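Read top to bottom, the protein sequences are chains B, X, V, F, L and A.
Everything in the first sequence is counted per this note's numbering, starting at 6 for the first residue and increasing by one.
Everything in the second sequence is counted per this note's numbering, starting at 6 for the first residue and increasing by one.
Everything in the third sequence is counted per this note's numbering, starting at 6 for the first residue and increasing by one.
Everything in the fourth sequence is counted per this note's numbering, starting at 6 for the first residue and increasing by one.
Everything in the fifth sequence is counted per this note's numbering, starting at 6 for the first residue and increasing by one.
Everything in the sixth sequence is counted per this note's numbering, starting at 6 for the first residue and increasing by one.
I should point out that these hints are in silico values taken from the structure, not numbers from a laboratory.
Check each hint, because a few of them may be wrong.
Identical chains blur together in the list; that is why a pair holds if it fits in one copy or across any two.
25 Å max Cα-Cα, derived PhoX-like pairs, lysine-lysine [to be verified]:
hint, residue 1, residue 2
1, K59, K203
2, K157, K252
3, K234, K59
4, K203, K234
5, K157, K59
6, K234, K157
7, K252, K218
8, K59, K252
9, K252, K234
10, K157, K218
11, K113, K252
12, K252, K203
13, K229, K203
All values derive from a computational prediction rather than experimental measurement.
There are 6 protein chains.
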Amino acid sequence: DFERALEEVRPAFGTSVETLDSYLTHGIIPCGETFEHLRQTLAMLVQQVRNSDKTPLLSVILEGPVGSGKSALASSSARQSDFPFCKVISSETMAGYSEQAKASQIIKVFEDAYKSPLSVIILDDIERLLEYVAIGPRFSNTILQALLVLVKRMPPQGHKLLVIGTTSMSDVMESMGLNEVFNVSLHVPALRVDEMVKVLRHLDCFSVMDIPKAVDLLTTFSAKVVPMKKLLLWLEMARQDVSEGQKLSLTRWEQALRELS
Amino acid sequence: DFERALEEVRPAFGTSVETLDSYLTHGIIPCGETFEHLRQTLAMLVQQVRNSDKTPLLSVILEGPVGSGKSALASSSARQSDFPFCKVISSETMAGYSEQAKASQIIKVFEDAYKSPLSVIILDDIERLLEYVAIGPRFSNTILQALLVLVKRMPPQGHKLLVIGTTSMSDVMESMGLNEVFNVSLHVPALRVDEMVKVLRHLDCFSVMDIPKAVDLLTTFSAKVVPMKKLLLWLEMARQDVSEGQKLSLTRWEQALRELS
Amino acid sequence: DFERALEEVRPAFGTSVETLDSYLTHGIIPCGETFEHLRQTLAMLVQQVRNSDKTPLLSVILEGPVGSGKSALASSSARQSDFPFCKVISSETMAGYSEQAKASQIIKVFEDAYKSPLSVIILDDIERLLEYVAIGPRFSNTILQALLVLVKRMPPQGHKLLVIGTTSMSDVMESMGLNEVFNVSLHVPALRVDEMVKVLRHLDCFSVMDIPKAVDLLTTFSAKVVPMKKLLLWLEMARQDVSEGQKLSLTRWEQALRELS
Amino acid sequence: DFERALEEVRPAFGTSVETLDSYLTHGIIPCGETFEHLRQTLAMLVQQVRNSDKTPLLSVILEGPVGSGKSALASSSARQSDFPFCKVISSETMAGYSEQAKASQIIKVFEDAYKSPLSVIILDDIERLLEYVAIGPRFSNTILQALLVLVKRMPPQGHKLLVIGTTSMSDVMESMGLNEVFNVSLHVPALRVDEMVKVLRHLDCFSVMDIPKAVDLLTTFSAKVVPMKKLLLWLEMARQDVSEGQKLSLTRWEQALRELS
Amino acid sequence: DFERALEEVRPAFGTSVETLDSYLTHGIIPCGETFEHLRQTLAMLVQQVRNSDKTPLLSVILEGPVGSGKSALASSSARQSDFPFCKVISSETMAGYSEQAKASQIIKVFEDAYKSPLSVIILDDIERLLEYVAIGPRFSNTILQALLVLVKRMPPQGHKLLVIGTTSMSDVMESMGLNEVFNVSLHVPALRVDEMVKVLRHLDCFSVMDIPKAVDLLTTFSAKVVPMKKLLLWLEMARQDVSEGQKLSLTRWEQALRELS
Amino acid sequence: DFERALEEVRPAFGTSVETLDSYLTHGIIPCGETFEHLRQTLAMLVQQVRNSDKTPLLSVILEGPVGSGKSALASSSARQSDFPFCKVISSETMAGYSEQAKASQIIKVFEDAYKSPLSVIILDDIERLLEYVAIGPRFSNTILQALLVLVKRMPPQGHKLLVIGTTSMSDVMESMGLNEVFNVSLHVPALRVDEMVKVLRHLDCFSVMDIPKAVDLLTTFSAKVVPMKKLLLWLEMARQDVSEGQKLSLTRWEQALRELS
Ligand SMILES: Nc1ncnc2c1ncn2[C@@H]1O[C@H](COP(=O)(O)OP(=O)(O)OP(=O)(O)O)[C@@H](O)[C@H]1O
Ligand SMILES: Nc1ncnc2c1ncn2[C@@H]1O[C@H](COP(=O)(O)OP(=O)(O)OP(=O)(O)O)[C@@H](O)[C@H]1O
Ligand SMILES: Nc1ncnc2c1ncn2[C@@H]1O[C@H](COP(=O)(O)OP(=O)(O)OP(=O)(O)O)[C@@H](O)[C@H]1O
Ligand SMILES: Nc1ncnc2c1ncn2[C@@H]1O[C@H](COP(=O)(O)OP(=O)(O)OP(=O)(O)O)[C@@H](O)[C@H]1O
Ligand SMILES: Nc1ncnc2c1ncn2[C@@H]1O[C@H](COP(=O)(O)OP(=O)(O)OP(=O)(O)O)[C@@H](O)[C@H]1O
Ligand SMILES: Nc1ncnc2c1ncn2[C@@H]1O[C@H](COP(=O)(O)OP(=O)(O)OP(=O)(O)O)[C@@H](O)[C@H]1O
Ligand SMILES: [Mg+2]
Ligand SMILES: [Mg+2]
Ligand SMILES: [Mg+2]
Ligand SMILES: [Mg+2]
Ligand SMILES: [Mg+2]
Ligand SMILES: [Mg+2]
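All chains, full assembly: derive it from the sequences and hints.
In structure tokens form, the structure reads like this:
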């Protein structure tokens with residue numbers, strides 16, 4: 006039965022690993038305790054779903070500012086779960102679909118998951134899945150109601166499911182009653198100064214003694230905390246004219262920051 | 006006639022007992038007078054529908070915070086009624102349906118019930134059936150109007166019906182005129198300290214003398230009152246690493262509470 | 006012509022007497038001048054439609070709190086009119102219909118009525134016909150506009166029509182301009198203390214000397230005035246364990262009131 | 006050409022005289038200068054359309070309280086015009102039509118009128134044509150836009166049209182820009198005391214010396230001014246038990262007023 | 006190419022001259038510098054479109070009170086342009102069309118214009134084209150978006166287009182961003198006292214020495230400034246009983262003003 | 006592979022160069038550092054997309070007042086990129102399309118772009134693509150959601166994309182969360198006095214010593230800063246009567262400014 010179930014969901018599985026990886030273009034750079042702790046909690050939830058009989062369904066929401074690394078964290082946990090069914094539900098693959106079509110698609114993924122003994126579903130960027138916009142506000146109630154039901158619905162007897170949601174609008178989730186349907190809620194923050202230092206060290210793009218000043222410049226042009234994704238993009242842009250293997254100078258760094266912000 | 010009626014509704018009956026049980030994964034744990042009283046009142050309503058000729062239709066709404074045990078109470082009363090027709094109307098089986106389709110489905114269950122001499126219908130999580138969301142607010146007026154009519158509509162001569170609704174948004178029900186159509190309204194509260202003690206004793210997962218401190222920790226990390234469902238989930242998560250048959254230590258309990266809230 | 010007209014509308018007539026009776030499960034219990042006066046005014050309107058040539062169309066709205074007896078009063082007047090065409094327009098027979106379908110159904114009843122020389126149409130629970138809900142507020146403008154026209158539209162030459170509407174939301178009717186289209190408006194109140202005494206005497210369920218105290222208890226647990234329907238339901242529930250022919254004790258009455266409110 | 010045009014529109018004409026008469030069940034009772042002046046102004050507009058070459062299109066709106074006699078005035082002027090094409094556009098003949106169907110119907114009447122050398126179109130109860138309701142407010146913009154265009158649109162060369170609108174919501178017309186498209190606006194008031202006296206005298210239902218007291222009673226139970234239609238209805242109801250040929254007594258009159266208001 | 010283009014658009018041209026003339030029933034009466042200046046500016050824009058290579062598209066909006074002569078000014082400029090393609094886009098020819106149908110029709114006219122080397126398009130009464138109503142406000146965003154694009158869209162290489170819009174709601178145009186897409190905006194005012202004098206002189210309907218008093222009466226009954234169209238209508242109505250060739254007396258004038266306002 | 010990809014997208018490419026040029030009717034007139042810097046930053050982004058492997062997707066939004074030159078800047082950068090796929094997404098080519106059709110069209114362009122190894126897509130006048138209007142406000146959420154996803158969606162492995170958006174409503178973009186999905190945001194201002202001097206010098210339409218006074222007149226009639234497009238239009242209109250090769254006099258300039266503003 007387990008074998009047949011695996012077979013049935015394999016094609017779906019195949020496509021999804023690629024998708025998981027597409028959220029990990031820069032990998033997971035070690036950047037301190039906060040992120041380490043997040044990864045451990047996610048790993049613990051994976052274990053609980055695998056082992057406990059009384060919790061065949063667990064759900065966790067990762068919320069934090071744009072670019073803080075929510076999708077990457079969700080994807081890397083899903084990959085490491087080694088669950089036979091892992092799927093990302095993202096609006097990227099449903100651009101232009103009608104509300105109804107999106108809802109059906111989402112429901113289908115859950116129903117596919119119910120066929121596997123162990124599954125992870127990532128609901129990526131929930132506000133985008135909901136077609137949320139602050140003016141109004143407007144959003145798809147059809148999709149919202151589907152999510153409110155699906156995240157709480159028990160998988161059939163003998164099947165287990167972990168749902169990981171990501172969002173950068175936790176207040177909107179709150180006002181929609183969406184965070185109430187998740188069992189656990191975790192905050193993914195932007196990087197603090199000490200964490201940026203760790204990242205820059207790891208990437209080895211500045212000479213070590215320039216790093217404090219580089220971080221200093223960054224927090225001056227931008228804000229006290231900087232999301233991981235923004236930091237990586239700016240580094241990439243600053244590095245453009247720098248030849249392979251050479252370090253980035255503080256002058257070039259300052260110029261790039263000035264131009265882009 | 007009674008016999009034929011029974012036959013006609015049997016398949017529906019079959020599926021529904023399973024559904025009723027799915028709301029009772031942790032059974033009904035004895036936890037004090039308040040819940041005992043609720044169960045007795047529900048039992049009395051069941052008896053009245055069975056016996057009285059002048060009240061062929063009774064309706065009761067169970068309202069209380071998320072996870073307080075409303076669905077479990079409704080299901081267990083329905084099971085104990087032994088009525089030939091018991092059915093849960095839940096949005097879980099209608100995910101992705103259109104408003105119209107949901108309304109038709111709900112009407113159909115009532116019309117099936119009218120064929121049985123004695124019936125219980127559970128309207129579980131009414132705000133979800135109504136596709137309610139606080140932003141706006143938005144909800145399906147089609148479904149609301151159907152409910153406003155169905156809960157008050159007399160079954161045909163010689164047939165009897167008990168309707169049990171559950172909701173965690175009694176103020177919303179109020180503003181929609183929905184609580185006015187129910188004959189009786191009962192409040193299902195979250196657990197107070199003494200009730201949590203009773204539950205922990207019953208579950209036997211802490212050593213007896215640790216229980217007061219365990220409850221203390223719980224009310225510190227969470228709130229003064231804790232819904233039954235949340236308590237059971239947290240226990241399950243804390244218990245994960247603990248080997249079968251062993252008690253949960255207060256240290257592990259505190260750590261789990263810290264991680265999850 | 007009169008004969009043929011009668012034949013044409015007979016089937017409709019047949020079903021409707023049953024419907025009328027379904028609003029009279031407890032009959033009309035004598036309970037004082039106010040209600041007597043209401044019945045007389047309705048009877049007078051019936052006579053005027055029957056007799057006067059200059060008023061082929063009359064319309065009256067009965068408004069009052071939920072359960073005060075509006076539908077029962079309308080039905081009993083319609084029954085006593087002995088008009089060949091009597092029909093109740095109620096949302097109970099149209100659950101799940103679309104707005105358009107409801108409007109068409111309502112229009113059809115009026116057009117059927119125009120074929121009979123003398124007709125009564127009851128528009129029962131107008132706010133429900135309109136699919137009204139206070140949040141928004143929302144309602145069906147299609148149905149409202151149909152009613153605004155139909156209640157004022159003259160039946161064809163030689164045909165006469167009495168329209169009786171019922172509603173528990175007279176302020177909503179006002180703001181919709183609906184009460185303006187009715188020729189007469191009558192208020193159906195909840196029962197005052199002296200009226201409750203009369204009802205309890207008539208029903209003979211308490212020993213006579215207990216009645217004042219029974220009413221006292223009732224107004225303590227509930228409000229100063231109590232709608233007829235609520236009173237009858239509560240008596241029924243309190244009476245459950247009492248064996249046939251025996252009186253209800255004040256202790257049992259108090260207990261029932263405490264449990265249900 | 007004129008002859009053929011006449012023929013083409015005759016059937017429409019046929020039905021419409023009946024319709025015009027249906028608004029004149031009580032005829033036009035002489036009741037003083039105000040109403041006389043209104044009728045003369047309307048007659049003058051009819052003449053101008055008939056005679057002047059530079060004004061092939063004229064439009065007038067009659068506004069005033071419910072039941073003041075607007076529809077009757079419009080109908081009687083249309084009848085007296087003797088124009089070959091006279092048509093009432095009323096929501097009574099379009100109950101249950103969709104917005105689109107109503108708009109098409111209205112447009113069709115105007116296009117039929119363009120075929121006749123001389124036409125009158127009555128837009129009766131414009132707020133009802135617009136499906137207006139104060140809550141929201143809601144109304145059919147489709148129909149409104151059609152009216153805004155039609156009332157201003159010139160008939161084809163050599164054809165002439167008088168449009169008479171009636172409404173009891175002149176402020177709503179104002180806010181919709183509808184009164185701006187009418188060339189002339191006339192106010193039709195409720196009856197003042199001296200006018201009521203004239204009506205009662207004409208109807209000869211009280212003995213002459215009772216009339217002042219009868220009007221006095223009326224203004225006490227109702228308001229300082231009373232719309233014509235209300236006065237006629239109340240008289241009819243009071244007169245019910247009075248045998249043919251006999252006068253109405255003040256006692257009976259007072260009783261009827263007390264019962265109905 | 007030019008020749009073939011002309012042929013292609015000729016039928017459209019044919020119908021439109023008639024339409025242009027229908028806006029000029031009273032011709033253009035000389036009434037002072039303001040209007041003269043308006044006509045010259047319009048003529049200059051026509052010349053620029055004809056001559057300049059760098060401005061193949063020009064757009065001008067005429068805004069002013071109801072009846073001030075906007076449509077007449079636009080039409081007369083279009084006629085005098087002698088451009089092979091002249092078309093009025095007016096809601097009068099689209100009564101009852103759906104939003105979509107209106108938008109398509111409007112787009113079609115622009116696309117027809119692109120086939121002619123030189124074109125004028127009049128967007129008459131833009132608020133009516135937009136189905137605008139102040140309550141809400143409501144309007145067709147479909148049509149608005151089409152206009153926002155069409156008024157700015159360059160005709161194809163070698164083709165030239167002048168767009169003249171008219172509106173009496175310049176504030177609404179403003180809030181919709183519509184006046185921003187027009188290159189030039191011109192105000193068409195109601196007539197001042199000296200301008201009314203000029204018009205009355207030209208029309209020769211009063212004896213010359215009565216004119217100052219006649220204008221005086223007019224500004225007393227109406228307002229300080231009077232739109233051209235209103236003035237012409239009132240003159241027509243006052244003149245009704247006056248036999249051909251005779252002057253209008255001040256008494257008759259005063260009486261007419263009193264009756265109509 | 007590169008070759009085949011090129012072939013596949015060639016026709017699309019063909020049409021688009023023309024489109025790009027249609028935004029450059031007046032070319033790019035040198036007018037100072039601000040604009041030079043904008044062009045360099047855009048060129049740098051083009052280079053980064055071409056060269057860097059870690060940034061296969063970059064997006065930049067040009068925001069500034071109406072007519073400041075945003076579309077021209079975007080087009081000229083796209084032209085100079087020499088990328089095999091360059092396409093403008095503009096509402097001009099989609100007038101009258103339904104929301105759905107527009108969204109599909111936009112999605113299609115992105116999917117065509119994904120087939121080319123290097124692509125530029127210009128989202129011109131985003132508020133118009135969104136069918137935005139300030140009253141309400143209203144806009145197409147279907148299109149907005151498509152853009153929110155498309156601008157962030159990575160092209161497939163080995164393909165690279167630069168997205169350039171233009172808008173004159175940066176606050177609206179902000180409130181829709183649209184500026185957050187662009188990596189870089191650049192402000193395109195209206196011309197300051199010194200920049201207008203440069204433009205007038207370049208165009209050589211005034212005699213050199215008249216230029217300061219000409220700019221002075223312009224800022225007096227208009228505002229302190231003037232958008233490039235407005236300046237060019239006014240020059241064109243003033244120049245109309247001036248014969249080829251001759252300079253524009255200050256008198257003519259002043260007169261033109263007076264007439265048009
Ligand atoms: N420790 C880390 N945690 C998370 N992401 C990391 C870490 N180190 C590197 N990354 C990289 O940072 C990027 C984080 O981007 P990601 O898309 O996950 O952010 P996000 O919060 O989901 O953004 P958005 O709010 O736009 O959805 C990824 O490319 C990922 O590979
Ligand atoms: N005495 C009790 N009363 C109710 N439920 C109990 C009791 N003892 C144990 N339980 C268990 O507690 C859980 C209560 O969850 P239930 O779904 O009924 O809550 P709910 O109030 O319906 O939650 P929600 O608001 O999410 O619908 C069930 O798993 C049930 O088996
Ligand atoms: N004098 C009376 N007048 C009215 N109803 C009476 C009277 N005596 C007994 N009854 C009974 O009381 C009940 C009144 O209920 P009814 O449905 O008419 O109330 P209602 O005002 O229409 O309620 P709702 O607001 O829910 O529509 C009926 O069962 C009727 O038989
Ligand atoms: N002088 C009069 N003017 C108008 N109506 C009169 C007059 N005398 C008698 N009537 C009668 O009064 C009644 C007036 O009713 P009518 O329907 O015209 O009023 P209304 O203002 O149109 O009402 P509503 O606001 O309901 O449409 C008619 O039956 C008409 O025959
Ligand atoms: N100098 C003038 N300028 C404009 N119109 C004139 C002039 N002299 C006479 N007229 C006449 O005045 C009338 C002006 O009406 P027109 O329909 O153009 O006004 P409008 O401003 O478009 O009105 P609306 O706001 O109702 O659309 C026309 O009949 C036209 O022939
Ligand atoms: N340095 C310059 N930068 C930009 N545009 C210039 C420059 N020099 C000349 N132009 C010309 O100015 C005009 C700018 O108009 P463009 O349509 O690009 O403005 P826009 O900001 O996109 O306007 P809109 O807000 O209406 O979309 C073009 O015709 C362009 O050829
Ligand atoms: Mg993400
Ligand atoms: Mg529940
Ligand atoms: Mg009722
Ligand atoms: Mg009327
Ligand atoms: Mg006009
Ligand atoms: Mg632009």
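Hints, verified against the model:
no. : hint         : result
1   : K59 to K203  : between (40 Å within a copy, 20 Å between copies)
2   : K157 to K252 : neither (50 Å within a copy, 29 Å between copies)
3   : K234 to K59  : between (38 Å within a copy, 12 Å between copies)
4   : K203 to K234 : within (15 Å within a copy, 41 Å between copies)
5   : K157 to K59  : within (15 Å within a copy, 39 Å between copies)
6   : K234 to K157 : between (31 Å within a copy, 12 Å between copies)
7   : K252 to K218 : within (14 Å within a copy, 53 Å between copies)
8   : K59 to K252  : between (54 Å within a copy, 17 Å between copies)
9   : K252 to K234 : within (20 Å within a copy, 45 Å between copies)
10  : K157 to K218 : neither (48 Å within a copy, 31 Å between copies)
11  : K113 to K252 : neither (49 Å within a copy, 41 Å between copies)
12  : K252 to K203 : within (16 Å within a copy, 41 Å between copies)
13  : K229 to K203 : within (16 Å within a copy, 41 Å between copies)
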